[in-house]
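Q: The lines below spell out each chain.
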Amino acid sequence: MTSAELALAVADIINTAALSPAPAAVRRFAPIKDLARFGSVLNITVMPRRRRTVPVAKRKYQRTLGVDVVVQKVTEQDDAAVEAIDAYVDAIDNHLRKRAITGAIWTESASGNDEPYIPQHLRGMGLYTAVLQVDYATYLND
Amino acid sequence: MPTPGKDTFIYYGANVAAATTELKNVKDSNLARALMTADTKVKGAVVATVHPIIHEISVEGGILYEKGDAGFEFIDDAYKNKTTVGLVILNGPKNVAGNRGVSGDFYVTKLDEGDPVEGLVEYSFVFQPAKTSTAFTFVVTVGS
Chain X
1 MTSAELALAV ADIINTAALS PAPAAVRRFA PIKDLARFGS VLNITVMPRR RRTVPVAKRK
61 YQRTLGVDVV VQKVTEQDDA AVEAIDAYVD AIDNHLRKRA ITGAIWTESA SGNDEPYIPQ
121 HLRGMGLYTA VLQVDYATYL ND
Chain C
143 MPTPGKDTFI YYGANVAAAT TELKNVKDSN LARALMTADT KVKGAVVATV HPIIHEISVE
203 GGILYEKGDA GFEFIDDAYK NKTTVGLVIL NGPKNVAGNR GVSGDFYVTK LDEGDPVEGL
263 VEYSFVFQPA KTSTAFTFVV TVGS
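First to last, the protein sequences are chains X and C. The first sequence runs 1 to 142 under the numbering used here. The second sequence runs 143 to 286 under the numbering used here.
Bear in mind the hints are in silico, worked out from the structure with no lab data behind them. Heads up, a few of these hints could be off.
Using 30 Å as the maximum straight-line C-alpha spacing, the simulated DSS-like pairs for lysine-lysine come out as follows [stated by the list, open to error]: (1) C/Lys209 / X/Lys98; (2) X/Lys60 / C/Lys183; (3) X/Lys60 / C/Lys185; (4) C/Lys169 / X/Lys60.
Could you build the full structure based on these sequences and the hints that come with them?
A: Have a look at this one:
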């Protein structure tokens, strides 16, 4: 499994979550930059993040593949909206932890920065951006 | 060039002659080699002396559990049935000349299952030489 294939699989799994609004995750290789493209909807982008391969047995290797799940919405300074999306991100995190991907094992998830969202985006652009980093282990044999 | 630990090999089979299949999911392993000695020091000696009696060998290590792994199942069966396994343990592949190790029939005298929450299921094993008609041998490969 490649990083790109994993990101696609993760986006597909997110889209099976019973959430409101219904998720519409898309795999991209770069985040949306143009604020005008966000509109009023919740944008979920899944991007390949990292790859690390280490030996776990004499003829077996663990390749950790990471993805960034980026959840974004223009909320301005609406605290209730921020709180709701924060809970939404938690629900995505829980959903990914419980759903299996063929050929990959969920190993850990973390927020991409100290806060659960990027404060600079919220203060500067009124844009809620949460980056959920999720790692999966895949295995290779010699 | 030093030899990485991952480039060492354990081959197994029903007996030593058949020990040609690699036990692939082995993690760290340790070929413990000691020499049992007799105490030969005498009164008035300035140093404690010994006399070699017999080698003491055991193989310790871990093996990842993977459903359907023939190597693990072979070892697990040998442990449960108290039967011997033929092992050739080398610090390099058997078809390359100059690699060193041991060969003989062994019993699986320990096979503990470890289930770490943040890791993989792993069995830690100990193999000890069995008394069979096959001679225990220190091996240096000749290549092929």
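Q: Against each hint, give a clear statement of whether it holds in the structure.
A: Consistency of the hints with the structure:
1. C/Lys209 / X/Lys98: Since the Cα atoms of C/Lys209 and X/Lys98 sit roughly 21 Å apart, the hinted pair holds (cutoff 30 Å).
2. X/Lys60 / C/Lys183: Given that 30 Å is the threshold and the Cα spacing comes to 49 Å, the pair is violated.
3. X/Lys60 / C/Lys185: violated, 56 Å
4. C/Lys169 / X/Lys60: Roughly 9 Å separates the two Cα atoms, so the pair holds.
In this structure, the earlier hints numbered 2 and 3 are contradicted, and the remaining ones agree with it.
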